[in-house]
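J.: Residue-level listing of the chains:
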Amino acid sequence: MIVRDIMTTKLVTVEPDDTLAHAASLLRQYRFHHLPVTRKVRLAVPQQEESHKAETVLQFEGVLTSHDIDMAAALAEKDGASIQPWQEKRVIEVMHRADLPVTPTTNVASAAQILVERGLNYLPVVEYRQVESEHKAILVGFLTRSDLLMALSRAMGAFEPGMQLDIALPSGNMTALARVLALASELHMSIRSVMAAPLSGSVPTTATIRLGTINPAPLLLRLQEEGIHYSFGTSLAEGDIHG
Amino acid sequence: MANAHPHERARLIFDVTELNYDFGPQHPLQPSRLEALIDLLARSGLWRAELPETRLDFRPATLNELSLVHTPDYIAAVQQLSLPEDATMDQDVLKARSWLASKYGFGDGDTPPLPGMHEISARITGGTLVAMSAVMGLPEGGKFEHEEDRPLHVFHPAGGLHHAWAERASGFCVYNDIAVAIAHVIRSCEAKVLYIDFDAHHGDGVQRSFYDEPRVLTVSFHETGRYLFPGTGDVLELGQGSGRGYSVNIPLEPFTEDDSYNEVMNALLFPLVTSFAPDIIISQHGCDTHAWDPLTHLSLTMSGIQAQMKLAHQLAHTYCGGKWVAVGGGGYDLYRVVPRAWSLLWAEMSQQQVPEQLPPEWVQCWQPAWQAAQEQEEIGQQIMGKSSAATSFPTTFTDRAEDFPAQPRRWTISHTNRQTVALMRQLAVPSTVVRQAFPTMRRRSPLSGLFDLLHMNRERTPSSSKVLETPRGSVLFRDFCPPSLVERLKPDKGLHAFARLPEREQELLLGIAKSPDCALALAHTPNGEIIGEVTIAPADEWWEGIENLYEVAIEVSSDWRGQGIAKQLLAFALELDAKEDMIFFAIGLSWHWDMEDLGISVYRYRELIARLFGSQGFVEYPTTEPNVSMEPANVLLARIGSRVDQRVASQFLHRLLSSPNLARL
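Residue numbers (the working numbering), protein chains in the order written: chain A, 1 to 243; chain B, 1 to 665.
Mixed in with the good hints, there may be bad ones.
[Unchecked claim] Subject to a maximum C-alpha distance of 30 Å in a straight line, what follows is the list of computed DSSO-like cross-link-like pairs (lysine-lysine): (1) B:Lys567 with B:Lys466; (2) A:Lys89 with B:Lys514; (3) B:Lys514 with A:Lys10; (4) B:Lys514 with B:Lys490; (5) A:Lys89 with A:Lys40; (6) A:Lys10 with B:Lys103; (7) B:Lys466 with B:Lys493; (8) B:Lys514 with B:Lys493; (9) A:Lys89 with B:Lys579; (10) B:Lys143 with B:Lys567; (11) B:Lys466 with A:Lys40; (12) B:Lys579 with A:Lys78; (13) A:Lys10 with A:Lys40; (14) A:Lys40 with A:Lys136; (15) A:Lys10 with B:Lys490; (16) A:Lys53 with A:Lys136.
Read the hints as simulated data drawn from the structure, not as lab findings. Everything numeric in this text was worked out from a predicted model, so none of it was measured.
Isolated chain A (complex conformation) (with noise of 0.2 Å):
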C-alpha cells in the first residue's frame, strides 16, 4: 500500500492572508484539525507543453492546526481588548512552516513509522514542480492518523458484516490458510478480509478471517474433518483450539 491509496484528495486549504475567523469556520464545518496553507499558482499541464494548458495547483506554505487557533484565541484573551482580537490575525502569522512532507509514492509503512517517531498527527502529500525556475513543493494530498486508521480498520474488514476466525499457521506454515480459503470458497462463503501478520517474532503465527456469514457451520464441520486447527467464540481466550 502506498500513500495515494489511502491520502486525501479532498483538500480543504486556507491561503497564507486569510484570517483566522476564516480558517476557524473552515474547521468548524467540516470538524477538522488541521489546514493546509497553501497559494494557487497556474502552471503548465505536464507533459503537454506544446499545447500551453495551464492549471491551478496549491502551492504547499505551511499547516495551521485548531490547535494553533486555540491558542491564539487564549493569548488574545490574556492580553486584554487593547491588542488586535485573535479573529483578526493572518493564518502566516501562526502556521507551521517547516514540516515533513511524503509524495504520494511513499510506503504507507513508512509514513506510520515517521508519524509514530516524531509524534506528528499528519504528514502533508506534494509533488515538486518547476514554478519559476524554482523547484517548489505542490499539495496534492494530506495524510492524517486518521487516514491511516480507517485504513487499518479497513483491512481488517470492520466496515463489512461478517464473523471472525482465526486459524492457527504452525511455524508460519500457510497451508492451513490456504485450504481454509479454498473450501470457503467452494461453500459460496465469501471472504471479507484475510490477516496474516506477525504480532512478534518475524513470522505470522495466526491467520484472521472474516468471513461475510452468519451460519460458519458447513466451514467449520470440513474444517473439523481436515484437522485444521481453528478457535471461534472464546475458545482462543481460554487457550483451547480445536482441531
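Here the structure of chain A is known, so what remains is to put chain B in place on it, guided by the hints.
T.: Only chain B this time, still in chain A's reference frame:
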C-alpha cells in the same frame, strides 16, 4: 387450559404467506419454526386465529414505504432477483443476475436470492409497519370502531429482520421491517421511538438506519462481535451528529447466562428509558440467545428470555402508556426453543397464564422433526465450541435447571460484562437524568459548532418535534433535522425560492443538515412532504470576524401560505437556549420574492417579511451590505441577543454600514 380471551388489548399478526420466507431445506432459518409456534399457540389455547379481536389484518409495504429505508436501486435489484431463474434465460442474463446478486448481498449462502422474495419481504415489512401504526393510532394501522378496540400491544413473529442494510441484504434479512416501520412512525407523528434488540446478533441494520437520529434510541444486547456475526455492535458505536448517545450497544461475553444477562439489562434499560422518555417501544425478540441455539453462545435459558419480555412489557406500561410492538428475529433451535419462547412472549403480552406442561399432542407432532436433525445439531454444537445440547425434547414451557449445567469461568464472564455496563453508563446514560439545578457552563472554544453552542448542557433531546394543526391537516415541525430524516422526506413542489428544482432543493437541505455549523428546522406533512424550512447558517464572508453571527432564512411552500405556518415555524426554530448569546440576521432580496403567487406589491411583500421577523424581535437596519443595497426594496433584519458582548454588538453595527472594500478594517 388458558383463558380464551386475552386480558390486554393485544393482537398477533400472522399470515400463511409469511411461511414462504424460506431459503431452502439446508438453511438454518426454517419457516417451520413459525408453524410450530402457531400450532403450539392454538393447541394451548393461547391464540385463537378465528377470533378477529386477537389478530390484526395487514397488507404488504408499498414501494414508497420500503424506500424510507432502502435505496431505489436495491429495491429494483430485489424485484429483479425475485423472478425465478429459468432455462430460457441466456448467458448474458444469468451473468447480469449473478452480478446483481453479489453486489446487493445475495451472493453467498446466507441470503440466497429467493423467487418471489420481494413480495414476501414486502408483506413481512407491511406487518411490522401496520403493527406500529395501529398502536400509534396512525391511519396505516387500520380503522377501529371504538378506541378501546385499538391494540396497545402487537406481536409480529415473522418480523424482526434487523440485519438488512439500506442497500444490501445481509444475515438472512432482505427488507428491514423494523427500520421501515420506525421510519414511517417518526415521519408521521412526533413520537420518540425506543428500539430494544434482544437477538444474540447485533441489530446492525436498524442501528445504521437511525445512527444520526436522536428521536430513535436503539439499544442492542448481543453476543460480542469479536468473533460473532456481524462483528459490529461495540460499546463505542454511539451514534453520529445530533444522534450521538442515541445508539447503545451492549456486547456480552459468550456464555453469559441468565444471571449476568439480567443484571446487565436491568442496570442499563431503566436509566436509558427514563432519560429518553419514549412514546412507543418496539422490541426484537430473537431467541438465538438460548443455550441450545446452534449459531451463538450466550447460553440463556427460557427464564432469561422471559425476563426480556417481562421487562419490555413493564417499561411500555411505565413510560409509554403501554404502547409496545414485539417482533421475532433469530432463533435456530427451530422446535425446542422458538415455539416456546414466542408463546411465552404472546402470553406475557396478552396477560395469559401459561400451563406448566406443553400439550402432549404438540410434543408428539414436533418431536420427530427435532429428532431427525438431532445428530446434525449435536455436531453443530461441538464445532461451535459449546457443550452438548442433546438432552431431550422439552415437555414444559419453561426450562428445567438441571438441563443447563453452569458454565466454567462464570465469575470472569460476569466481571467482564460489568465492565461493559460501567463503560456504557459513563458513555450513554446522560448525567442529566436528574436535571441539574445549577448547570455548569462549558468553556466555549472558538471551534465549537452551532450545535454545541446551542446544546451546552444537553438537557433535552437535541432535536425536538411539534405538531401544528392547520385547516389543511397536521403539519410536523422538527428542529436540528438529521440527514437521515431529510433523505426520507421530499420537498413540496411549491418550495422554489432556495433552489429552482425540487431535487436541487433536497440536496441543498441535505447539505445544511450535514453541516455541523448549520441548523435546519423543517415543517412537513405526515406523508413526508417538506412544506417549509428555516435554516440557520454562519454569516458569509462579508461579516467575517463577528462572533456568533448567524443568518436565518425561511421559506414556506407557495401552496401552504396563509395558514400561519411561517410565523409558527420561525418561532419554533428560534426556540433556542443560546438565543440571547447570538446575533441573528435575515436578508430579504426582492428578486427572490414570488409576488405574483400572492398577488401583492413588492412593498407589501417587504412589509410581510418585516412583520414575520418582527414577531421574533428582529428589527430593520439600514446597511451597505452589497446584496441588500443593490435594490431599495431589499431589507435586512437583525436581532441582537441580550447577552451579546457589547464589543461584538458594536462591531456588527459598524459592519452594517461599512463601505464594502473597507469591511475588514
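J.: Which of the stated hints cannot be reconciled with the structure, identified by number in ascending sequence?
T.: 10, 11
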